[in-house]
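Asks: Residue numbers (my numbering), protein chains in the order written: chain A, 1 to 321; chain B, 1 to 521; chain C, 1 to 339; chain D, 1 to 635.
Hints are computed from structural coordinates only; laboratory data are not their basis. Just to be clear, a hint being listed does not mean it is correct.
Stated by the list, open to error - The list that follows gives simulated cross-link-like pairs (lysine-lysine, BS3-like), each with its CA atoms no further than 25 Å apart:
1) K166/D to K87/C
2) K290/B to K96/B
3) K51/D to K314/B
4) K166/D to K92/C
Said to hold, decoys possible - Estimated spans, in silico, between C-beta atoms of each pair:
5) A56/D to Q162/A: 25 to 35 Å
6) L311/A to S54/D: 33 to 43 Å
7) H457/D to L311/A: 32 to 42 Å
8) R602/D to D205/C: 49 to 59 Å
9) S164/D to A133/A: 48 to 58 Å
Beta carbons: idealized from backbone N, C-alpha and C, even for Gly.
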Amino acid sequence: MRLLRYVFYRVLQIVPVALIVVVINFLLIHLAPGDVSILLAGEDANPEFMATIRERYGLDEPFLQQLWSYLVTILSGDFGQSYRTGEPVIGLIMERVPATLLLAGSSLAVAAILGTAIGTAIARRPGSFLDTAITTLSIALFSIPVFWLGLMLILFFAVRLQLLPSSGMITIGGPRDGLGHILDILWHMVLPVAALATVWLGQYVRLARVSVSEVLAESYVTTGRAIGYPERTIMTRFGLRNALLPLVTVLGLELGLLLTGAVLTETVFAWPGLGRLIYEAILARDTPIIMGAFVIMSFTVMIASLVTDILYAALDPRVRL
Amino acid sequence: MNFGRLLLTAAVALAPAVAVADVTLVVPQLDEPRTLSPDPAADTGAYAATSNIYSHLVVMDWGVVAGTPAYGDLAESWDISEDGSVYTFHLHPDAKWHDGEPLTSEDVKFTFDRIREKKYPYSAFLSGVKTIETPDDDTVVITLDKPNMAFVPMMAQAAGWTGKIYPKHIWESEEGFDTGPAVNNPIGSGPFKFVRWDKGVAVELEANEDYFRGPPKIDRLIFRPMPDANVARAEFDAGQFPHLPYDYAPPLAEAPALEADPSITVTYTPSHYSRDIQLNTQREPLNNLKVREAIATGIDREMISILGFSGTWKPAMHANVDTQTQWINRDVSFPEYDKEKAEAMLDEAGYPRGDGGWRFALSVTGPSYSDCRAINEVLVQQLRDIGIDAKLEAFDQSTWYQRMQQRNFDISCYFTRYGPDPDAYREHFGTGGQRNFMGYSNPEFDELGARAVTLTNVDERKKLYAEMQAMLVRDMPYINLVNEQKMSLSRAGWAGFPLMESGYNKSVTWFGYYAVTPPAE
Amino acid sequence: MTPILELAALRMVYDTGTGLLARLAGRSAPAVVAVDDVNLRLAPGSTLALVGESGSGKTTTGRIATLQERPTGGAVFYGGREVTDLKGAALKTYRRDVQMIFQNPYEALDPRLTVGQSLAEPLELHLKQSAAERRALVLATLEAVELPPAAAFAASYPANLSGGQLQRIAIARALITRPKVVIADEPVSMLDVSIRSGVMNLMLDLQRQMGVSYLYITHDLAVARYMSDRIAVMYLGAVMEEGPTETLVAHAGHPYTRLLISAVPDRHASGRRDRIRLKSDPASQGKVPSGCRFHPRCPLSQPVCATTPPPVVELAPGHSAACHFAPAVARDGLAAVHA
Amino acid sequence: MGRGLRLLRGVVSTVPGALSLAVVLLALVVALAAPWLDLADPVAMGREVYKAPSAAHWFGTDNFGRDVFSRVIWGTRVALVVAIGSAVLSIVVGAIIGAIAGYFGGLVDAALSRLFDVFLLIPTFFLVLLIVALFGASLPMTMFAIALTTWPRSARIMRSQVLSLKSRVYVQAALASGASHRQVIVRHVIPNGIAPILTDGALLMGLAVLTEAGLSFLGLGDQNSVSWGRMIFEGQRQLRLAPWMSIAPGVAMLVLVASLNLLGDALNYAMNPQLRTRGGAPRRRGTAPPPADEPGEGHGAILRVDNLSLAYRVGRRQIVAVDGVSFSLSRGGSLGIVGESGCGKSSLGSALLQTVPNNADFLSGTVSIDGQTVLAGGRPIARQGRLRIDALRWTHIATIFQSAMNALNPVATVERQLVDAYRHHRRGASRAEARERAGAVFDLIGVPRSRLNAYPHELSGGMRQRAMIALSLMLEPKLIIADEPTTALDMLIQDQILGEIEELRRRLGLSLILVSHDMGAVSETCERVAVMYAGRIVESAPTSVIFSRPSHPYTRALIDALPDLTGARRKLASLPAVTDQATCLDACRFAPRCPHATDLCRTVSPPVVTLMDGHDAECHYAADFAPQPREELVR
């Protein structure tokens, strides 16, 4: 019951944030140089089309009225049309989401699981040589520009060794269904996932290291040791269980960062996801897509943070107040 | 061991029962189509697919460099009246629409009338048409208001992009070629039929077994939008597709290594294009001839050739390209590179070096082709060397094209076409010419061009075109830089790609894949 | 005699700051009544101890007395003049006259400044003096708080000093402008036992020398007894009992005071006391119990206590307690009202 | 200034810190000196294209024959301009807005904080991307866009700094003494609050470099400047021919960004040194086999401690916290260990339980619990690889920790924790049995069983401490060590709980060690009292004796420093504060504060003087003090 109320409360909190995002978007369009209708309609649009656009977005109305219409339009899921293809932006974006989810999700899983394991392991010996070395290494890892790492992986594994495919998600003309199809996708995922997971791994090693060692310094851990639990139990039931909380939160908060990495990685590996769409939109200056992607990504991150908060509340009895 | 190959082996081993596997040809292309109806507006992403779906009246392919200005597509043959003003086209009697309807002269007339009525881009090539008559189902008679020697070659050359023949029975009820269900579900009469278009992924076509020239050797033709040359290259290396079109040519410095590879065929195709720069003659300070001359003097073509093309694209000093041996005027040349002189000329033109050593600022843009990008990089540096604060401005293809049309540029890399008929000069440099973005307007030039196209005597035409070339070098609305030479790659065993000699006069258009044959088993 | 400082009918309510959203979601917390109708008078040159547990409102009362916070209701009088809403130059003058000593000596001084610089700050604010005069006064004050050699202390940084020394400097800072009143909020509770007494003795000595009045806030009744002339005992925002120190300790008229007294261990004998088992742990400030706010924990609680707020009963001149049974408790202690 | 130097020393004291600082400084120098270095023109093209790295071109040349090394060096300039530009912009704007939010609080703060939240949730890279795509790509625009997305981060830090500084005593004191808000902000708040923002600046710079590179890589970089991201973007196409074109700038970026991040990390650690070594699993210590001559379970004293010494390593220093402590506790007995902060009493407690932190070493000592030796000669006793103390934990020796708030696992219910502990030691006990036991223990301490299902945070301080007591009683231990069990509690509750502990001890026949700073608390709960000072037990005696005949001046001072509620008001005794407690070994360590110290005290360590059976004092003059009434000793 209290959890439900908490969920309700958090959902309510999202609303103003979402509104602000849309307002920022609106302001950006209006502050950008050039006629808004041209921006929305494309430069070679004919006057009739421009007029439709002006009417649809109410561009001849007072500023606040415009803002209101814009809000209504966006919140009803209408993000306009792509300049290049004339397709509704929302559809274009939704088409690409599964591929991005596959890539980002797998990388996240690899990074989070491996990173938490390594971070927890080194948290057992804070200040040791191994700890310093791995911590330093993990900082170095997340300082790597992910697109560059991707290039290096391509250079080594695809160009030099010719071991792995360097781009795309499927073999053209390869199997389109069944196990073969799945294997094919997995095979194409190796390099992009490696690139993305490597960078995130650094993040997670560090996060896990910091939060686990912070938890291990808590007195309830000492209580656990005094009770006589073996160190393995201490690590799981006390250390990891409590350290997971901040990890989960950070997961939600850093989703924006993760998406950034995903976009850049998709660009390098021609992964047909959202990032690729955005990249192509940038090449084509297809502003409606870029804006739509920004708003949708913001909403995604907000929802993710909402979900992690709720998850947190479910994991941590202290939150439900 | 390559995993893909492993899979393939496995698939082959597991499926001996399947008699003959479909031959699929995947072709990468730079842009995603906007629509699949290319006639109403420029749409670089749509040309390749639609050129294989639709037929044209007359066409042309890279065979032009071997001397064929045009050949028939739907037209089996054509007759030209004595005075050169009445063209009678005899259509292929077996031509059929993909929905089974017969293709008749009415369809051609319908299409051309609508193009002219709606002023679609192709109307530029039909501007001299007085009447279109259809005495019978297989005959189209086009009467021009005055003789035009370039009529067929120009129609043929433009057919690569627009001038598709649309089925009357489908489109009659529509406003134009941009409305209705057939826009993105095209029904043509070409060698391939439309199957589906996965937006952002691929346009898929299949062989038209009823094609009037006989079914193609390819069962499935897929166009994949791939803006990134690296990706295309990687996929080609990975064996994902057998042909790497010239758009994606790897850096020319890699050519020696590629040529040494027995599994790859490297094809070089000279063309009737150059790479040059168009100067916006209506903008300060490029409206000043002295400035344009100085810029021409400040450009080191050899360096451009070396840095941009490993020296394989030869400098172009005249207002034509080397393949047009018949028409080129070698007596007039753009100025030789001389940095000091260029600087002096700019000083003289009233643009001495000022703050920070700059004379004036301008932007350099161009299409997204890698050759133009390379040229621009070098060009900007060379302009900066003579004190012009040049900056790069990059856009995607269609945005760039829009900006050119709006004459919203200073200097742009361009690809002037000199064939298949020299009448092309008018399109580029004539007042109001379709590709005259420079704002160049010279009545004398226009007059010569208009006269030259009506002359049936080749020597007389030659003289006029030589004169026009002299004017271009004199007025310098553009500066020729290098001769284009396409490089394309294909997997050994594959033949009939439009840039290969085996594809000449068979591939249908520049984008046609009708002539392609897979390797023998 | 006019009290130097008087707090009249003081009331402080904190809106817990729950927003509209929270209220919509049914998460609104009730307003916290931190101080509820508190009346106190501080005679010149004397010490009034404010005793209570956490959440009793004693610190808030102290902060209101220095006008760091303005009360929701009631008034503050200084030397007979109302100062509740003082602003600007008048407020600055008031601050010079009414100073404060805080609980935590380790945060008492800006870590970036030397002791001398910190001590000079109030002087710079209030007095137009030459640098030499100021330094002389700083050194003299350091001597006065028994920190020799003064020059060496003036030059040192807080990080190098012990808690006791820091608290002495904090006292020096509070007294350097020669205030009339000093509000001391638990000034020794964070110090080690053996250091505490020194600081308390110092404060007493300085009071004797300077005639300053203290409002001494503490949770420790024994400390209060040592320091004060009068004691006021607070519980959940209200004064339970107030009176002259010795009278209050000896004849407490409120069960809460009695319990506090009984909870102080006898430090000088090893004998065992009988402990009274309390019925519950303290209520939160958010929900003050009805009737007598102490009744849920009171060992003597009667039905009337749950329903009727107790009157303030004057037990002797200057000694009053807010309990229905105050006279009985004053007489018989916790044995008073056994049912 | 001094603090800055300390910080710097803290940074360079670690290898990563020193290296990263060196790299960042080098990058700065290189960027500043680029025009004067003897470098090839980074934009000059030449015929030498695609040249592999060589002596002439260290990093080779690119497709236009430009020198990659020179471009990387000049790229440093762009990277640092972007990094510093956006960081400075972000910090200035963020600090001002954050300070406003934190200082004024209320609605202003609520509104601004919500705005920070929005920016926290926005995927900022996409916002930057959108801005640059809409407004055009140029370096200033890039910096502006990055700062636009990062300022809330600086603002958030500044806000929390201001919030915490606002309640800092010296800020309050300055306000209370009449300083204006502006004076306080300028003099106290900003100088003390700026450090974390500056530290974060290093991270911001790294972020900015990566963001700029990401933009360039997407083709949204400044077309006309040599940036690393653009070099990688260009090199991408030449990956086969000239991999060095993308390797060199990538490595440069990696090194700079990693250095900035490491520097931020090192600065953070330098400001909070304990963060680096906090936590961790207990390290393995050298063990010893059980001695042959131990009495065995059920025999001898419940606890015997002999010459126990424990020292902490802090940096290169060794701090002896427990110094040769010996005592024993009879079965069913209770001992209070009393002393002030830093005297070593809590270290002693954890040494007995062998739950000392990793930086602590046993220097010497033998400890036996219930007749079984668990520590001998400073080495934990182990048999067959298992520590003997582990076998005794909770079944023989349990503990009640100082701060009950944190002593219980916050994510498990009280019952779960009791049940887990029970079943861990009673293998085979069913969950129901364990539950029943937990209920029984709750009954025992008089807490309703309904509270079993509560999470620790749902309990009041007193209840939480009772839950901790219940936990300690689950396995019916023979000995309980209670370390300041009531310190954080209110007086009435304190008194209650002490009473409850005492009652339980009597009822269950437990042995108890109560560690406390409060002589009074101990006096009523324990039969014996040991007074600790500077790591040693300076006096121990039965409780009544220690109050009536304290024989060590320190014990006397402790007793006499506290005011009473009964008896006449008398002037309290006090001891001088001593900043540095380190004294030479050959002296009484109390001598510097002792009002009675003589030259003997300052030169010779005092012997343990046994005044009567069970009353020892470590003072040269113990025998002289013992018979004197207390008051007379203190002036």
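Asks: Name the hints, by number, that the structure is in violation of.
Replies: Violated hints: 2, 6, 7, 8 and 9; rest satisfied.
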